[in-house]
Every structure is written in C-alpha cells, then in structure tokens.
Amino acid sequence: MSEAQQSSIVDVDVDVAVIGAGAMGATVALHLARGGMTAALIDRGDVCREASGVNAGTLTLHMTRAALIPYAMRGRQLWIDAPEWLGSDVGARSAPGLSLAFTPAEQDMLEKRAAARSAMGAPIRLVTPAEARQIEPGLNKGVIAAAYCELDGHVTAYLTGRAYRQALLAAGVTVMEHSPVDAIHRHGAGFDILVGGRRRIRAKRLVLAGGVWLETMLAWIGLRVPVKCLVNQLIVTERMRPVMRSVVGIANGLLSLKQFENGSVLIGGGWQGIGDPQRGGVEANPDNLVGNVRLARHAIPALAETRILRIWLGLESETADAMPMIGALPGIDDAYVIGCVHSGYTSAPYMGLLLAERILGREPEMPLFDPARLILPDPVGQPDITNPLEKTA
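According to the working numbering, the stretch in the sequence shown is residues 24 to 416, in order.
Keep in mind the hints are simulated off the structure, nothing from the lab.
Heads up, some of the hints might be wrong.
SDA-like mimics (lysine to any residue), calculated; alpha carbons at most 25 Å apart, straight line [what the hints assert, rightly or not]:
hint	residue 1	residue 2
1	K251	P300
2	K164	A153
3	K135	I167
4	K227	R209
5	K227	H365
6	K251	I158
7	K135	Q157
8	K135	A343
9	K164	Q301
10	K135	R333
11	K135	I158
12	K164	A343
13	K251	Q301
14	K135	H321
15	K227	K251
16	K251	T239
17	K227	P324
Derived Cβ-Cβ restraints for the label pairs, each shown as a range [said to hold, decoys possible]:
hint	residue 1	residue 2	range
18	I331	E386	17 to 23 Å
19	E386	R264	35 to 41 Å
20	W108	L332	30 to 36 Å
21	G110	F283	18 to 24 Å
For each residue, glycine too, the CB sits at the ideal point set by N, CA and C.
The whole structure should be built from the sequences, with the hints applied where relevant.
Right, dumping it as structure tokens:
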C-alpha cells in the first residue's frame with residue numbers, strides 16, 4: 024500500500040462489525056446497538072437491497088422446514104409488529120395460507136408435510152376441497168386436497184431497507200453502504216476490516232451475514248463451507264380486481280401466490296433462473312417462467328385476466344444439510360456467522376435477535392445452529408479452524 028493510500032484510510036473503532044446488511048445482518052446490528060455496543064454495518068450495496076429486498080416477502084409456515092417452525096412463528100410475529108420494534112410499517116399483513124394438491128402424489132406430500140409442521144406447533148390443518156374454496160372462492164375446482172394455516176401473510180420487501188436504515192441510524196449504528204470489503208485481518212484480540220480501498224474498520228467482534236455470499240466471506244477467514252445458490256424467478260402482474268385473499272402455494276413447493284392491496288399479484292416459487300453469487304441474477308429461464316405462470320393460472324383461473332408487468336431474480340442460499348448456520352465460528356474468537364435459513368425471510372428478524380442475544384452474553388430463547396458441523400477439511404485433510412486469520416495478518 025502506498026503512502027497516499029495509507030493516509031486516505033480513516034479508522035472506525037467499534038465493538039462489532041457486521042458484514043452483510045440484509046434483514047438478518049441488519050437485525051443483528053440493530054439489537055447489538057440497542058444492547059449497548061457500538062456497531063458498524065457494512066455492505067457493498069444498500070441496506071436490504073440484495074436478496075432481502077427482491078424476494079417475494081412471503082410469510083409462510085407451509086414452506087418452512089418443520090424443525091424451523093418455532094423460529095418462523097416468532098419471526099412472522101415480529102414482522103407483523105414491525106411498527107413497535109423497528110419503528111416503521113413494512114407492509115406486513117396477516118393472511119390465511121393454503122397449500123394445494125391437484126394430484127395423488129401432491130396430496131401424499133401435502134398430508135405428510137402438514138403433519139410434520141403441525142407436530143412442531145404450526146396451526147396447520149387439512150381441509151376438504153369444498154372448505155378450501157370457501158376460504159378462497161377463486162380456486163380451481165380441480166383441487167383434491169388442501170392444508171390451511173391461519174398464520175401466513177406477506178411483507179412488502181422493498182420497504183424494509185428504508186425502515187431498517189432509519190432504525191439503525193437512530194440506534195447509533197455506523198451504516199456503511201456501497202462499501203465492498205477488500206480483506207479481513209486479525210489485529211490483536213480483534214479484527215481489521217479493509218473497506219473500499221480507503222477505510223479501515225477496527226472491531227472487537229465480527230459477524231458475517233452474507234446469505235448466498237457466505238461461502239466467499241467465510242473463505243476470507245480461511246473456512247471452507249459450501250453454500251448452494253438458488254436463483255428464484257419472481258413475477259408481478261398488472262393491477263387487477265380482487266381475485267384472492269389468501270397466500271396460495273402448491274404442496275410441491277413450486278408456487279407462492281398472493282395479491283397485494285393495490286391489486287397486483289406476485290407469483291414466486293422454486294422455478295429457477297440463471298445466475299450465481301458472483302454474477303447475481305443473470306437472466307430468466309423462459310421455459311421456467313411459462314411453467315410458473317401456467318401453474319399460477321391453474322391454481323387461480325382468474326389470473327388469465329391480467330398481464331405480466333415485471334420479472335426479476337432473487338437469490339436464496341442453502342447449506343449441505345439444508346439447515347441454517349447461526350452461531351460462533353470455531354477456532355476464531357469473537358467471530359460469528361448467520362445465514363442460509365430455509366424460507367429465511369419469515370424468520371429473519373427472530374434469527375437476528377437470537378444471535379444478538381448470544382453476542383451480548385445472554386442466553387438465547389431458542390438454540391442456535393452450530394456452523395462447525397458444516398466446515399470442510401482443508402486440502403491436507405484437517406479442518407482449518409485454528410486461527411485462520413493469522414495466515415493473512
């Protein structure tokens with residue numbers, strides 16, 4: 024580094040630096056600041072404008088893994104109560120949820136999934152096709168089975184960034200947007216984070232909260248953790264007359280469907296586009312788009328009356344065992360990670376709260392998810408968890 028570069032560096036000293044300003048990272052930083060720590064929140068983009076700002080915003084228990092139901096129920100309630108703890112309404116609305124089956128195979132899947140989620144506390148119950156049509160009169164009459172949940176809903180995802188930014192600044196968090204991280208080095212008992220080629224953040228603690236980018240971020244500090252990237256396609260229609268009042272899905276997980284107050288309908292699900300963590304969402308897959316639209320029209324035939332307004336891609340992360348990694352990183356004092364939560368938007372504010380509680384020295388209400396189980400051995404065959412930062416110091 025040249026003398027000119029060194030002289031341009033501005034030091035920021037904080038108790039904790041959170042890298043990744045999605046819903047989980049922003050929640051961690053917010054609660055740490057409210058708990059008395061000085062905090063910096065760092066992101067290469069804007070607060071809640073990457074994956075957290077472009078997802079479907081579905082609050083659902085139908086699509087949440089059974090083991091995560093207790094977390095999702097608490098996270099959903101936090102979204103509904105956002106005006107109280109976040110300070111702003113983010114468009115979170117409670118709505119009933121229906122998961123549908125049109126084939127015997129889907130019915131078998133629906134019944135098994137409903138039973139597993141119900142056993143974990145979700146208020147999900149099977150209903151007859153006639154009952155499902157009473158709940159949602161616009162359903163296709165070909166439905167052969169359905170599951171109902173009174174605790175579903177949706178958030179207007181693009182509203183969350185402004186709400187979090189206002190709350191973070193009010194809590195005293197140093198918010199560093201458009202600040203890509205260049206490197207992380209160990210400095211004594213803490214960390215030096217080089218940002219944007221011009222700033223050095225010195226932090227006693229480090230939190231990595233990068234979603235699909237966690238594989239790259241963990242590699243910065245010498246840890247190998249594979250993270251699968253899903254490139255979900257989303258579609259929004261023109262405004263139309265009210266045709267549905269619930270959150271609708273299909274048992275196979277390939278549909279997420281809801282209508283907002285302004286009349287537009289958001290169509291999501293597991294139909295994949297083209298992209299990766301390095302390039303982001305690159306382009307849509309036309310065949311998958313057609314499949315998604317056809318499935319939506321099959322579920323709610325009245326959607327034939329409207330047209331597609333916009334298509335975009337949202338990235339979702341998943342670990343090798345499809346469970347989150349939330350907790351302390353082994354072998355690196357005061358370093359933590361949070362991310363890769365299946366249907367993670369529903370539970371994001373609660374997961375962030377749990378990690379903040381742990382960092383503040385309190386006992387979290389519910390268990391975290393030890394990231395040590397996911398760390399792969401280094402190239403010579405041993406887990407690389409002994410001060411990996413020393414290699415780059």
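Verification of the hints:
1. K251 with P300: Holds, because 9 Å separates the two Cα atoms, which is no more than 25 Å.
2. K164 with A153: 9 Å, holds
3. K135 with I167: Satisfied, since the Cα-Cα distance of roughly 15 Å is no more than 25 Å.
4. K227 with R209: 10 Å, holds
5. K227 with H365: At roughly 30 Å apart (the allowed maximum being 25 Å), H365 and K227 break the hint.
6. K251 with I158: 36 Å, violated
7. K135 with Q157: Holds, at about 23 Å.
8. K135 with A343: 23 Å, holds
9. K164 with Q301: 44 Å, violated
10. K135 with R333: 35 Å, violated
11. K135 with I158: Measuring from Cα to Cα gives roughly 22 Å; hence the hint holds.
12. K164 with A343: 39 Å, violated
13. K251 with Q301: 13 Å, holds
14. K135 with H321: Holds, because 23 Å separates the two Cα atoms, which is no more than 25 Å.
15. K227 with K251: 30 Å, violated
16. K251 with T239: 12 Å, holds
17. K227 with P324: 56 Å, violated
18. I331 with E386: 17 to 23 Å: 49 Å, violated
19. E386 with R264: 35 to 41 Å: 51 Å, violated
20. W108 with L332: 30 to 36 Å: For L332 against W108, whose Cβ atoms are near 33 Å apart, the range 30 to 36 Å holds.
21. G110 with F283: 18 to 24 Å: The hint (18 to 24 Å, Cβ to Cβ) holds, given that G110 and F283 are roughly 22 Å apart.
Comparing the model with each earlier hint shows violations of hints 5, 6, 9, 10, 12, 15, 17, 18 and 19; every other hint is respected.
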